[in-house]
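Asker: Below, each chain spelled out in residue letters.
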Amino acid sequence: MAHDVEVLSRGARVARALLNGYALAIYLFLFAPIVLLVLFSFNANRYGTFPITGWTLEWYRAAVSDYQVHGAVTTTLKVAAQVTLISAIVGTAAAFPLVRSRLPFREGIRIVLILPIMIPGLLIGVSLLVLFVSTFHWQLSEETAVIGQSVYTTPFVILLVAARLQGFDNALERAAADLGANTFQRLRRVVLPLIFPAILAGALFAFTLSLDEFIITYFLIGANNTLPIYIYTQIKFGITPEVNAVASLLLAGSLTLLAVAFALPQLVRRARRAVMRVTTA
Amino acid sequence: MTTVPPLADADSRPDTAGIDLRGVVKQYGTQAALRGLDLQIRDGEFFCLLGPSGCGKTTTLNLIGGFVAPTEGEIWIQGKRVDQLPPHKRPVNTVFQSYALFPHMSVLENVRFGLKMDRVPRDVSSERAAQALGLVGLEEFGSRMPAQLSGGQQQRVAVARALVKRPAVLLLDEPLGALDLKLRQRLQIELAQIHRDVGTTFVYVTHDQEEAMSMADRIAVMNGGRIEQLGTPEEIYRGPVSRFVADFIGDSNFFEATVEGAVAQLPDGSRVACAGGRSGAATLMVRPEAIVLHGGDGSIAGHVVQTSFLGSYIRIAVETPAAGAPVIVALRDGAAVPALGEGVMLSWTAADGVVLEPGPAA
Amino acid sequence: MSSDAGTATAARAPGERLPRLASALGSYVGFVPAVLLLGLCFLVPLGIVVCYSFWDTVDYAVVHDWTLGNYRYFFSVGAYVSTMWATLWVAVLSTVIAIGLAFPFAYWLSRYVPRKIRTPLLVLVIVPFWASYLLRVYSWLTILGEKGVVNRFLHWTGLTSHPLGIFLYDRPAVILVLVYLYFPFGALTLYSSIERFDWNQLRAAMDLGASPLQAILRILVPQIRPGIITAVIFVFIPILGEYLTPQIVGGTGGVMIGNLIVNFFQEAEYTRGAAISLLVAGFIVVLLFVFRKSLSTKEAYGA
Chain A
91 MAHDVEVLSR
101 GARVARALLN
111 GYALAIYLFL
121 FAPIVLLVLF
131 SFNANRYGTF
141 PITGWTLEWY
151 RAAVSDYQVH
161 GAVTTTLKVA
171 AQVTLISAIV
181 GTAAAFPLVR
191 SRLPFREGIR
201 IVLILPIMIP
211 GLLIGVSLLV
221 LFVSTFHWQL
231 SEETAVIGQS
241 VYTTPFVILL
251 VAARLQGFDN
261 ALERAAADLG
271 ANTFQRLRRV
281 VLPLIFPAIL
291 AGALFAFTLS
301 LDEFIITYFL
311 IGANNTLPIY
321 IYTQIKFGIT
331 PEVNAVASLL
341 LAGSLTLLAV
351 AFALPQLVRR
361 ARRAVMRVTT
371 A
Chain B
2 MTTVPPLADA
12 DSRPDTAGID
22 LRGVVKQYGT
32 QAALRGLDLQ
42 IRDGEFFCLL
52 GPSGCGKTTT
62 LNLIGGFVAP
72 TEGEIWIQGK
82 RVDQLPPHKR
92 PVNTVFQSYA
102 LFPHMSVLEN
112 VRFGLKMDRV
122 PRDVSSERAA
132 QALGLVGLEE
142 FGSRMPAQLS
152 GGQQQRVAVA
162 RALVKRPAVL
172 LLDEPLGALD
182 LKLRQRLQIE
192 LAQIHRDVGT
202 TFVYVTHDQE
212 EAMSMADRIA
222 VMNGGRIEQL
232 GTPEEIYRGP
242 VSRFVADFIG
252 DSNFFEATVE
262 GAVAQLPDGS
272 RVACAGGRSG
282 AATLMVRPEA
292 IVLHGGDGSI
302 AGHVVQTSFL
312 GSYIRIAVET
322 PAAGAPVIVA
332 LRDGAAVPAL
342 GEGVMLSWTA
352 ADGVVLEPGP
362 AA
Chain C
3 MSSDAGTATA
13 ARAPGERLPR
23 LASALGSYVG
33 FVPAVLLLGL
43 CFLVPLGIVV
53 CYSFWDTVDY
63 AVVHDWTLGN
73 YRYFFSVGAY
83 VSTMWATLWV
93 AVLSTVIAIG
103 LAFPFAYWLS
113 RYVPRKIRTP
123 LLVLVIVPFW
133 ASYLLRVYSW
143 LTILGEKGVV
153 NRFLHWTGLT
163 SHPLGIFLYD
173 RPAVILVLVY
183 LYFPFGALTL
193 YSSIERFDWN
203 QLRAAMDLGA
213 SPLQAILRIL
223 VPQIRPGIIT
233 AVIFVFIPIL
243 GEYLTPQIVG
253 GTGGVMIGNL
263 IVNFFQEAEY
273 TRGAAISLLV
283 AGFIVVLLFV
293 FRKSLSTKEA
303 YGA
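In the order they appear, the protein sequences are chains A, B and C.
Going by this note's numbering, the residue at position 231 of the first sequence is 321; the numbering climbs one at a time, nothing skipped.
Going by this note's numbering, the residue at position 103 of the second sequence is 104; the numbering climbs one at a time, nothing skipped.
Going by this note's numbering, the residue at position 24 of the third sequence is 26; the numbering climbs one at a time, nothing skipped.
Rather than coming from a laboratory, the hints here were simulated on the basis of the structure.
Small disclaimer: the values here were computed from a predicted structure and weren't measured.
Fair warning: there could be bad hints in the mix.
Unchecked claim - Derived Cβ-Cβ restraints for the label pairs, each shown as a range:
hint, chain 1, residue 1, chain 2, residue 2, range
1, B, Asp198, A, Leu114, 19 to 29 Å
2, C, Arg198, A, Arg362, 25 to 35 Å
3, B, Pro322, C, Tyr114, 52 to 62 Å
4, A, Leu114, C, Leu215, 53 to 63 Å
5, A, Thr143, C, Gly255, 24 to 34 Å
6, B, Leu184, C, Tyr114, 34 to 44 Å
7, A, Ala105, B, Val125, 25 to 35 Å
8, B, Leu182, A, Gly257, 27 to 37 Å
9, C, Leu90, B, Val26, 55 to 65 Å
To be verified - Just so you have them, the derived chain C footprint on chain B, three or more residues with Cβ under 8 Å:
hint, stretch
10, 86-94
11, 102-115
Every residue gets a Cβ at the ideal spot worked out from N, C-alpha and C, and that includes glycine.
Just chain A, with the same shape it has in the complex:
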């Protein structure tokens, strides 16, 4: 009922008005820093902060022509692509037995699979550092960072795909079996197409997380720079408008990906319908 919440006394109305104001303040608190950061990236003065002395794209021009930024972007994308591939495959594969088989110690296994999300990334970083450097005496590289990030991103894919599998109607698979599909065919023709949106969303999620990941990468990437690491090394020297510009670009990148991840299930459905229409016409 929409009018359930109506309140009578003046006190209650005041409380409601106060809460409305409070919520507004919260949104301001959440968005002001980010909005200011983007604002300052277009500001002409070179301190990267107030006052606004005019609008310019100069800092973006400087950022995109900086070879260090180029290198960082390339590394970031290479790492993110590998992390996405690994966590999508490993995560999807693990989601099946997690949901479907009668596991002994199911809760325990679930906790181990989810633990990398719960414990601070710092601990993942240092423990892998010890493993790679002190135990195996490996050289730190992009690859070691990929492994570290995958440990952190894979559980997210597991969670997303497992949630989709949980809601999966088993009757569909039985129907396919009844119509003569073997295990592989059922997987290929029925199950995977239906959980595909979840896998895709998980992959995009992993990609976004990888783009933004700082602490694990900081320990494991050695001499290379991803974009967050580059920004970090720059802000040690204070705020500059170029860094604001790079930061805004990174922000735009991850928010776009997030929006796509949210809209994806719908897009996939629509695309499929369009394909169906074409093929059946």
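With chain A held as given, fit chains B and C onto it using these hints.
Answerer: Relative to chain A, chains B and C alone:
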């Protein structure tokens, strides 16, 4: 039907001991939920607000309970104006549709909650809570949690929890709506008994006409934010003032008619008996059980298109040029049942032909 | 579909008469990659860190002599111990503030906001959460810094003539930013448990004589306690391992235990760093164990 006889003098002036709604208007934005409601509910009465969803009955209940403030008008309870008081300062308690039992408290704690809020000493509150649970037949269940009770038991806990505060008025918002038919019928009898035992005014909201008929002393049939008709169940059943009320309460047959005195002329030219009260174009309403299958003065002809055996009675549908839709006739079990296709003559007494304002033929 | 294919397979109950053992083994195959990744690259390294914390370092080389020396060393240095306590305090305070701010917000969102726009407003809260963590910390520099928004504003109003450093490089700044970082998590968790609350119960409580505040404290709060505990834990745990926030806005006054860990590892004092890491990890494990009941997904008052 085990209804308590209605309280006698219908023309007595509004009782200061009851509930008095004066010119109450409730507006949600531009939508009017109630359009000028005047209603007096007598002290100790079992009063039903009956109507389809969206008719304003729940809004009326919420106005009395204090969960909604009126846009205009006044609300008085026991001679005290309450429309600006919050719920916890009114001498009114509510049984909610979903029961709203507190799941983290035992049954006894639930029932005692209201007394605790009033700072009633613990020993007194325990005793009164036990008494209230006894009233609804759940004295053994005090230590259970609400989730461990059946739907009917939860419903009774909700009643006990509201009654333990000895409110002047108990409001019940479709309290049996979530239960199955058998249980609902049993609880209807129990609620009526509890009402007699405690003597508190009950205001009961429902969209189920049978529920209202079986329990209420008086019923207000509501429609579109207004009271369409107010009266005892019998008054409303026998003398509905509008097609809406007739349709909402019980089954009915409608005929387009032209009325002159105690005679109504139907579209096929046949002339039948009616109660009169209005002349010219009108709608004639006849209850299925008032129709007899004997020809004679003022009857209409038709043929049987369906007969159904419904246990306590037999229902036959008769197609006739006198009415747009088949006329439904309820025959008592044991009466001679005409065969399918057989021609019959339908008639009724003048008092059973209720004349209403003209409306579209059904 | 040809009809004889249907009748041929209809005889055997699909998927149920397959040899049990084979299907059971087959169903575990999916775990293999995850076991390799999370086992070898997560559990094993954690195990190694445990060992390291009890091993000794001689001339920058780890020797496998079992010792409590690393722990003894940590507790013998006053600055480390006080940093540990400070970390706990900062974590407790930030958690309390973040959850304290999140509760009225979640209450507002689930009680006063029309259902249709609730999801968009909730997404709006989570959006900053998915913007880069580093950027969210960094963005506060533009506000709190010496040339930041706050100082500019004070200067403009004439309240101060010199930029003040008090807004940055100390504990209050760290707590402010931590609250900023973890508020969305608190709000999301609390909202999802308040959202399931039946508001009729609040009406019932008021109907029975409770004031609005009494109704909230006695009826709403006890029922969402599991949600509150979950929110507290999931905000508290990551704060214990914070590195970036104290590093960027904390200065020397805002150092937390995460910074100590990084320092030790950067100076290749692996065994001592491992000991501190294990202290943090151990504390987290204890927390999770103590509150495991509240974290399990079962309904609290289930039928």
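Asker: Next, verify each hint and record whether it holds.
Answerer: So, going through the hints one by one against the coordinates:
1. Asp198/B <-> Leu114/A: 19 to 29 Å: Violated: the Cβ-Cβ distance is about 53 Å, outside 19 to 29 Å.
2. Arg198/C <-> Arg362/A: 25 to 35 Å: Distance hint for arginine 198/C, arginine 362/A holds at roughly 33 Å.
3. Pro322/B <-> Tyr114/C: 52 to 62 Å: holds, 60 Å
4. Leu114/A <-> Leu215/C: 53 to 63 Å: violated, 23 Å
5. Thr143/A <-> Gly255/C: 24 to 34 Å: Given range 24 to 34 Å: holds, Cβ gap about 33 Å.
6. Leu184/B <-> Tyr114/C: 34 to 44 Å: Distance hint for leucine 184/B, tyrosine 114/C holds at roughly 37 Å.
7. Ala105/A <-> Val125/B: 25 to 35 Å: holds, 33 Å
8. Leu182/B <-> Gly257/A: 27 to 37 Å: Check passed, 34 Å falls within 27 to 37 Å.
9. Leu90/C <-> Val26/B: 55 to 65 Å: Cβ of leucine 90/C to Cβ of valine 26/B: about 59 Å, so the range 55 to 65 Å holds.
10. 86-94: holds (count 5)
11. 102-115: Since three or more residues must qualify, the claim that chain C covers the stretch 102-115 of chain B holds, with 6 doing so at under 8 Å.
Violated hints, in rising order: 1, 4; the structure is consistent with all others.
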